[in-house]
Amino acid sequence: MDIFLQQIINGLVQGSIYALVALGYTMVYGIMGLINFAHGEVVMIGTLVTITVAGLLIKVGMPVALAGLAGLIAAILCCMALGWGLERIAYRPLRNAPRLTPLITAIGMSIVLQNLAMIIWGRNYLTFPPLLPKMDFEFAGANFTLVQVVIVLVSAATMGGLLFLVYRTKLGMAMRATSQNPAVASLMGVNINRVIAAAFVIGSALGALAGVMVGTYYEIAHYQMGFMLGLKAFTAAVLGGIGNLAGAMLGGVLLGLIEALGAGYIGDLTGGFLGSHYQDIFAFVVLIVVLMFKPSGLFGEKTGDRA
Amino acid sequence: MQAKLSVVALSVAAAFALAACGQKEEPKPVAAPAAPISKPEVVVKLGHVAPMTGPQAHLGKDNENGARLAIDELNAQGMEIGGAKVKFELLAEDDQADPKQGSIVAQKLVDAKVNGVIGHLNSGTTIPASKLYSDAGIPQISGSATNPKYTQQGFKTAFRVMANDVQQGKALGEFAVKQGVKTVAIVDDRTAYGQGLADEFKKAAEAAGLKVVANEYTNDKATDFKAILTKIKSTKAELVFFGGMDAQGGPMAKQMKELGIKAKFLGGDGVCTPEFMKLGGEATEGNYCSLPGMPLEKLAKGPEFKDKFTKKFNAEIQLYAPYVYDAVMVMADSMKRADSVDPAKYLPAVGQTNYDGVTAMIQFDEFGDLKGGAISVYQYKGGKLEYVETLGGGAVAAVKEAVAEVKEAAAAGAEAVKGAAEATKAAVEKK
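Residue numbers (the numbering used here), protein chains in the order written: chain A, 15 to 321; chain B, 146 to 576.
Honestly, the hints are just simulated from the structure, not real lab data. None of these values were measured; they are calculated from a predicted model. Ideal placement from N, C-alpha and C gives every residue a C-beta, glycine not left out. Treat the hints with care, since some could be wrong.
[Stated by the list, open to error] When the alpha-carbon atoms are kept at most 27 Å apart in a straight line, the in silico DSS-like pairs for lysine-lysine are as follows: (1) Lys409/B / Lys366/B; (2) Lys407/B / Lys148/A; (3) Lys148/A / Lys409/B; (4) Lys148/A / Lys381/B.
[Said to hold, decoys possible] Some chain A residues near chain B, calculated using beta-carbon distances under 8 Å: (5) Gln20; (6) Asn157; (7) Thr159; (8) Gln293; (9) Ala297.
Use the sequences and the hints to build the structure in full.
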């Protein structure tokens, strides 16, 4: 039982990170029907900026907590600027192009950002400064750390805040209007360009936050770390129904849990025939089954002519 | 997605190669009038392959630096082969540690008619590529591919200047027994290297009477190991053996600690790097790893090499740079002895190498494996790799080892004897 509980904790933490990254994918997709494959790289840049800024501040003698906070703010600002720039340079000129064009552009941007990060931060692995005090807890035989608790709580709070933004504010209303029909929304006086830019900027800020959490959790960063994470988060977004905020959160947490339990129990379930390297099979089998019966994902709405 | 990335990466690589070609044209006309009556110059192209992008890019760059250092020194010496002055050129390729990509760049080097190949870094890329080099008759010396299969395919062109994983797995297995553990969990990254090393370790550990309580797997791009480690925790293994690289090993050691796993961590050459300790932090303290060969400080030319390397590249040696350096030197030495840069002519000379390199006295057996390869064990201590002992290496040590093995086997019971006999037989066949 303690092992099962431990796996649930492992999955929950991993899933919270997926969920936060998935929100970035789903927000952009919901509003303009674009899969921003460069989002994983935004997360990576968030982590690396924090390392540079926080590392520098710690070196000059600033207290770790303060330096961490400064690093986080720097990462969020950097990524917001990056998200805005991506939209302005790479996607806005292609707004009326066929759907495949922005998709390829997104993949291209992802490669550009990866190589840019490789030039700036180098090929080596970077260690992330420990920003939170090391505290271990034990509960019913399962171990967890302060970092893990913070990750789950911050993720939950951020998601709550985002839901509030989308469903209770004027900007949120404009976003929802744009997602339903951009042409009509603009006739109603919504500034489409600003709304779309806002979606990118907010999504990137969430990405930066996720990046800092990934960094704090694994204490390791690399210019390619965003690629796999982005792919998994994208999978989570599709699982939950891409374009739907609650769906992305659920999809992320679900994917994390499935992966952890899959890796933990697949060997026992198949009598050793399949080892733990088949853990991804679990995640993708679930994804395929969900898409077979609900092609728009768990929470996906029928989008019809739009998207 | 991956395929797309590869294509783009390849075209970028091609663009760089073209750019490099363009640059090469320039210095010649300048050099020609300076020495109008000098002997004809022959350009010897050596291919070098290692991952320059991706999770192992830091090791790939380290390898390339080793090769560059050797080539610069050779060019500075101004070697003459077959009456002509030779100029060595390095064609550095990126295989992304991906077997598919490894074969693509291997074909590219074959088409470029290179005189020899240094690499690849990973066993997983070296093995499929070695077929292409063998078909083209191009000698290949790897400084880091340790999977035994590489030299056992019957290719006359395949050599390595490092002990293989049969030797390393066995040494690590014996070392684990000496640590007084009874149960081990084995994790590997499913690459040719990681899996090969883990399998050899498992054989040796079981032959010595250890119980393998868990076999778990990950991949060479993973960062999260909590799920498999949780499972290992439930088996209460006393030692976790990892067959894989530092980028995974470091976080793995750290996550073991976070999960409250008390077991020791043991790994092979892939985790015996400064990077591993950087990534694993204090969780690596007191654990062990092994490296083929002797520690650089204990070798006659080791400290000198270290100085040269750090001065030239302003970087710490990660792992295989001295071996790659030796590989280049062995190749140049063979060309000199054969007095030819033609692969067909100097290939036999590679097999007869007797070269006093930085890492060892390099001689090859009939398979192309390094003769009498030693394995050294290191401990992570205070952020540094501290040398513990050297196992194997040289005939005397091999006999000692065999005697010790027989003794252990006798004690371990009938089944173990069978295993040891098989192992000995394999060893004899190899020798």
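Do the hints match the structure? See the list:
Between Lys409/B and Lys366/B the alpha-carbon distance is near 23 Å, which keeps this suggested pair within the 27 Å criterion. For the hint linking Lys407/B to Lys148/A, the alpha-carbon distance of about 17 Å falls within 27 Å, and the restraint holds. Taking the CA atoms of Lys148/A and Lys409/B, the gap is about 21 Å. The hint holds against a cut of 27 Å. Straight-line distance between C-alpha atoms of Lys148/A and Lys381/B comes to about 24 Å, which keeps the hinted pair within the 27 Å bound.
About 5 Å separates the beta-carbon of Gln20/A from the nearest beta-carbon of chain B, less than 8 Å, and the hint is met. At about 4 Å, the closest approach between the beta carbon of Asn157/A and any beta carbon in chain B falls short of 8 Å, and the interface hint on this residue holds. With 8 Å as the threshold, the beta carbon of Thr159/A comes within range of chain B, its nearest partner Cβ sitting at about 6 Å, so the hint holds. Hint on Gln293/A holds. Least Cβ distance to chain B is approximately 7 Å, under the 8 Å limit.
Hint on Ala297/A is violated. Least Cβ distance to chain B is approximately 12 Å, over the 8 Å limit.
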